[in-house]
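The listed protein sequences derive, respectively, from chains A and B. Using full-length UniProt numbering, read the first sequence as starting at 1 and increasing by one per residue. Using full-length UniProt numbering, read the second sequence as starting at 1 and increasing by one per residue.
It should be emphasised that the hints constitute simulated quantities derived from the structure, not laboratory data. Check the hints yourself; a few may be wrong.
Unchecked claim - Computed spacing ranges between beta-carbons, pair by pair:
{"no.": "1", "chain 1": "B", "residue 1": "684", "chain 2": "A", "residue 2": "363", "range": "25 to 33 Å"}
{"no.": "2", "chain 1": "B", "residue 1": "702", "chain 2": "A", "residue 2": "367", "range": "24 to 32 Å"}
{"no.": "3", "chain 1": "B", "residue 1": "715", "chain 2": "A", "residue 2": "470", "range": "40 to 48 Å"}
{"no.": "4", "chain 1": "B", "residue 1": "356", "chain 2": "A", "residue 2": "211", "range": "15 to 23 Å"}
{"no.": "5", "chain 1": "A", "residue 1": "20", "chain 2": "B", "residue 2": "389", "range": "43 to 51 Å"}
Unchecked claim - Here are some of the chain A residues that sit facing chain B, going by a computed Cβ distance under 7 Å:
{"no.": "6", "residue": "119"}
{"no.": "7", "residue": "120"}
{"no.": "8", "residue": "167"}
{"no.": "9", "residue": "168"}
{"no.": "10", "residue": "169"}
{"no.": "11", "residue": "171"}
{"no.": "12", "residue": "174"}
{"no.": "13", "residue": "206"}
{"no.": "14", "residue": "212"}
{"no.": "15", "residue": "400"}
{"no.": "16", "residue": "434"}
{"no.": "17", "residue": "435"}
{"no.": "18", "residue": "438"}
{"no.": "19", "residue": "446"}
C-beta atoms are modelled at their ideal positions from N, C-alpha and C, and glycine is treated no differently.
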Amino acid sequence: MAAHLSSGRVNLTALREAGRRELREFLDKCAGSKAIVWDEYLTGPFGLIAQYSLLKEHEVEKMFTLKPGRLPQADVRNIIFFVRPRLELMDIITDNVRREDRGRSPQRDFHILFVPRRSLLCEQWLKEQGVLGSFIHREQYSLDLIPFDGDLLSMESESAFKECYLESDQTSLYHAAKGLMTLQALYGTIPQIFGKGECARHVANMMIRMKREFPGSQNSIFPVFDTLLLLDRNVDLLTPLATQLTYEGLIDEIYGIQNTYVKLPPEKFAPKKQGEGGKDLPTEPKKLQLNSAEELYAEIRDKNFNAVGSVLSKKAKIISAAFEERHHAKTVGEIKQFVSQLPHMQAARSSLANHTSIAELIKDITTSEDFFDNLTVEQEFMSGIDTDKVNNYIEDCIAQKHSLIKILRLVCLQSVCNNGLKQKVLDHYKREILQTYGYEHILTLNNLEKAGLLKLQTGGRNNYPTIRKTLRLWMDDVNEQNPNDISYVYSGYAPLSVRLAQLLARPGWRSIEEVLKMLPGPHFEERQQLPTGLQKKQPEIIQRNFPRSRGLGLLSQRTQAAASGSRSVLCYGWWLGRQSRPC
Amino acid sequence: MGNEVLQNHVLEAKVFHTEYGTGVAILTGAHRFSLTTNIDDLKLRRMPEVPGLQKPPSCWAVLTQDRVTIVLLAVGQDLYLLDNTSCSVVTPPGMSPSAGAYLQMAVSFNYRCLALFTDTGYIWMGLATLKDKLCEFNSAIRSAPKQMVWCTRPRSRQRAVVLAWDRQLMVAGNSTECIRFVLDEDSYLVPEPDGVRILSRTSHEFLHEIPEASQEIFKIASMAPGALLLEAQKEYEKESQKADEYLREIKDQKLLPEAVSQCIEAAGYEHEPETQKSLLRAASFGKCFIDKFPPESFVRMCQDLRVLNSIRDYQIGIPLTFTQYKRLTVEVLLDRLVLRRLYPLAIRICEYLRLPEIQGVSRILAHWACYKVQQKDKSDEEVAYAINQKLGDTPGISYSEIAARAYDCGRTELAIKLLEYEPRSGEQVPLLLKMKRSKLALSKAIESGDTDLVYTVVLHLKNELNRGTFFMTLQNQPVALSLYRQFCKHQERETLKDLYNQDDNHQELGNFHVHSSYSEKRIEGRVGALQNAVDEYYKAKNEFAAKATEDQIKLLRLQRHLQEDFDKPYLDLSLHNTVSTLIQDGHHKKAEQLYREFKIPDKRYWWLKISALATRGDWEEMEKFSKSKKSPIGYLPFVEIAVKHHNRYEAKKYAPRVTPEQRVKAFILVGDLEQAADAAIEHKNETEMNLVLSKCSATTDGAVVEKLNRARAQLLKK
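One chain only, chain A, in its complex shape (with noise of 0.2 Å):
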């Protein structure tokens, strides 16, 4: 069931297995049957850790969600609240135990864990309100970093952005470096950091201390990263705001992926039994997991869609040859090797099938003509054609009043592209998106230009196209059927923070200080000293990690990493996912 997050280069189900352990710890200190009242936010971070049947091994009976009120009724010795430190929250949690004492016979036991830090603060609160004598265990449970996929780790933080440019609270980055210290004390320490940008600084500078606060245990763990690499956001915001093309990226921008998980519309996936005239169409979307466990999935989703057809139909004239064969098996040893491979080939054709309808309800959106102008135009921007003046189709979109975030994801794009947009055309933009949006929007707008995402252009010179040029972030040859280069997964545009990957590994950052040097924040290297015996002699194995998302995925493609080098990066940054309206 782990497969997929031991197949990369770096085993991550110990990273799992520890999340489980101390899970389990937890739950058996409350002794007899529980029920878990959920912060609703947290359920889809701890269903990659931990399933259910988890749970109920250690006697979990029932799961609440958490809500103001009276808590529902259950028969159980404890009550245990899973929440995030906050305010808000404790403010719920004091009124659900105010409201369970009064007379009730059997008692019941309350605890509380706190993910993924517990929080002076919030245990305050509750004693200010008086029911912190209530909670038997008050513990902490330190969700950081989410074994994802095989390559791939996530904290799962959706508002980090927003929290660290538009409020300058920095909680998230003091639990990546709690993340970061957690993933060394058990993958060993790495001995070089690398980062670039304010946020990056501010993390690496916090493992340093981090690891003076506890320096009685010298990690003695041969290190399986040898690098690792800290970006902030802000340095690469064009990534995030272009359309992906990737197929995972596709099915994320149209349907949203959370927590690994898509939920689809389910016409596609009727069964196909047509007997009863269409009556029993499911109304429930259709919910799927998607993670490399998938043997196609893995294969196909950092393919540019372009090329996913291909595959999908020799995929299908393989199945079908497979199932043909049993026409062919005459023995018995050979019937019996068929049915023992049946299993296997069932799973296959359902697989083939779920992903033949998303590929056909993607294709129903990327074949209309308005996916087509939208990406014209954003390719237009990022190959540095017009991005000085009012663009016709984003007046035109907003003249017909298209969804307000395909509005801001052109203009921001726009901005980032020209390095700031000149007086006129902003205030041109934003009296547009006011009149036709609501006045609202003037706090959103205001948003994104404290975050950074919309600016005015000042000192008048436009340093986008030294960067794109430099770091090569614009290739007109590009192949989607086999890349080999990373800008097949925009069809054109190789996200930047992959090429600052790609460059650090291969010459060295030294080659592009001037670039470095426009970008936002400070650059800069930590070595962290290994215990004697632990130093690699030499670089031997070939290891990329990086966390695939926005279509970043091909690095982790054996192409790349013989391309660029034998050392092994662990890349860490957040990537933001629905973002664009920080408001």
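Let chain A serve as the given structure and place chain B on it in line with the hints.
Relative to the frame of chain A, chain B by itself:
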């Protein structure tokens, strides 16, 4: 210990050990016994009265059996047992009837054996259960000994008691003979698990049964393997061939491993380093002739002896035997050294034994530092410096613990200095808050990056300081300030305004007013709030925002009128939706007025109007509008919108007016493939031709397909 003690005084007290801990038993002036089994959990138990006891018993002792603590006492010729509830007379088995009155009794270290001395000089030795006699002895001395103690050794079957009179020491056991020693001075006996300590003013001796290993080796003419090995090693050193003979003798009996073990064990019992060395040398010599002798026991013994020798040094003065040391454990030994403030030796032992730093060196350094902070004659600087010099970044040191100790001693300044060295902010901050150094706590919390800590300090400061000072403090700490802002956003929005006011942050104040305008219910309230926002935006020199907000006010007022005039909800629609609704409802003039007042760009107005008209289905008005002047958006949108509303008839009207470049697309949209084909052919554009072809179906559009193919072929020829 209660009233009884106060009234009657304590005559005598005895300390004893049980599995619960250390206990104390007392005899009061009223001849009553009380005891507690654990001095850490003091519960005094009063024992039953002994009938007819008028004077103190001649001797008594505390026994523990099966977790029950009982008192055994002797009055003249009678022995009494006191348990929790009753008092009973007992007679030890095999007690000579003419033994006489009891003068002295002794319980062995492990509470297993009991010895009784009577006024006829008779000694009874047996089990403490009083169920079995081990042996008896007649000392022929009738006076009571000053002390009588057991001398035993774990796992040895020999048992003996040692009796001390003024100048005489007697060892008596299971034998008719006894051993006598002369005491030169007044001495005191201390029983140990493996022997007896004899302390006098000038000397400290240890009397014990010779352990078996030592006996075997050092007994005269012993042929035990260990003895032979020792001899062999000595001969070897003399370069004599006898070494080989001895060795051969052991090896022939296949006893070499045993010989080595014996030598190692015996070394442990020796106090003289020279003897220890010669035994260890023998062991090491013997080891060479064994294939696989596990080295641990040898190494361990060398280490233990080194530690023992160093603490036995007269300057340290802890003459422990090997057995005692093993029973005590290194940890306890270190504690004792620390208590005696022998920090350097303790540290050296830790280092030598390679104890983990956290349990070893760090712990001792921390103890040292805690002692150091109590030295009042040294200045804070000196102490802090000295401590940091020694402790440095030693892992596992908790500077905050030391600081807490300094704070408890009333040395706050020193505590603060020490906290400077604490790397863990989580530890620093709470203590600083306790010491009322909140501002320092704040900067430490910020340094740590742990926002929870920062929040904690900020809220602490908020309660501690008055508002003005609180704000000023935050002013200098941007991280804290932005976190506090977040707090206010959720908990007290009004404070947020004060914060922005203090910073003269007019932009944010403007945003604040805009935000709060949405919670106003009445329109005047909203306009008021927005007007405030306008003022702030002007102050912030954000002309755009100010103008936009003014527009918003204008729109709000207009919408209120519209709402009254047309009795339809208009409030909170965007300008676009307001105009669109007006057109859909046929209020074209009003729409026109808004278009002019808000300077809606022509292009957008045309888009807006035709889609609103199409929604309304007012094709007539749309046609009129299309002819009012030249369309700024061209005529393709007309076609598109009509098609979108499934009105091909209307769409067809506009198709010919579409610019030549878009005409093919327009004809395809209205479904007129023939015209589309003609347009494409006219343009001589292959892409367009292909586009049209792709829309054609072979059955119905045969003619068109043929025409296109012909044109395409012609195009290719050229």
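Review point. Hey, does the residue 434 of chain A contact hint survive, CB to chain B under 7 Å?
Key: Holds, about 5 Å.
Practice item. Please verify that hint: residue 167 of chain A, Cβ, nearest Cβ of chain B, below 7 Å or not. Key: It holds, given that the least Cβ distance between residue 167 of chain A and chain B is near 6 Å, below 7 Å.
**Study point:** Interface hint compliance - residue 120 of chain A to chain B, C-beta minimum distance less than 7 Å
**Key:** Since chain B brings a Cβ to about 4 Å from residue 120 of chain A, closer than 7 Å, the hint holds.
**Study point:** Hint check: 7 Å Cβ-Cβ cutoff, residue 212 of chain A to chain B
**Key:** The hint holds - residue 212 of chain A has a Cβ within 7 Å of chain B, the shortest such distance being about 5 Å.
Review point. Does residue 206 of chain A meet its interface restraint, that is, does its C-beta lie within less than 7 Å of any C-beta in chain B?
Key: At 4 Å from the nearest chain B Cβ, residue 206 of chain A passes the 7 Å test, so the hint holds.
Check your understanding: Lying within 15 to 23 Å: is that true of the beta-carbon distance residue 356 of chain B to residue 211 of chain A?
Key -> Since the Cβ atoms of residue 356 of chain B and residue 211 of chain A sit about 19 Å apart, the hinted range of 15 to 23 Å holds.
Check your understanding: Holds or violated: is there a CB of chain B closer than 7 Å to the CB of residue 174 of chain A?
Key -> 5 Å, holds
Review point. Holds or violated: residue 400 of chain A as interface residue toward chain B, Cβ cutoff 7 Å?
Key: Residue 400 of chain A check passes; min Cβ-Cβ to chain B is 6 Å, inside 7 Å.
**Study point:** Residue hint residue 168 of chain A, partner chain B, criterion CB-CB below 7 Å
**Key:** Residue 168 of chain A check passes; min Cβ-Cβ to chain B is 4 Å, inside 7 Å.
**Study point:** Interface hint compliance - residue 169 of chain A to chain B, C-beta minimum distance less than 7 Å
**Key:** 6 Å, holds
Review point. Does the interface hint hold: is residue 119 of chain A within less than 7 Å of chain B, judged Cβ to Cβ?
Key: 5 Å, holds
Check your understanding: Between residue 702 of chain B and residue 367 of chain A, does the C-beta distance stay in 24 to 32 Å?
Key -> Once the Cβ atoms are compared, 26 Å apart, the range 24 to 32 Å for residue 367 of chain A and residue 702 of chain B holds.
The earlier numbered hints are all upheld by this structure, with none contradicted.
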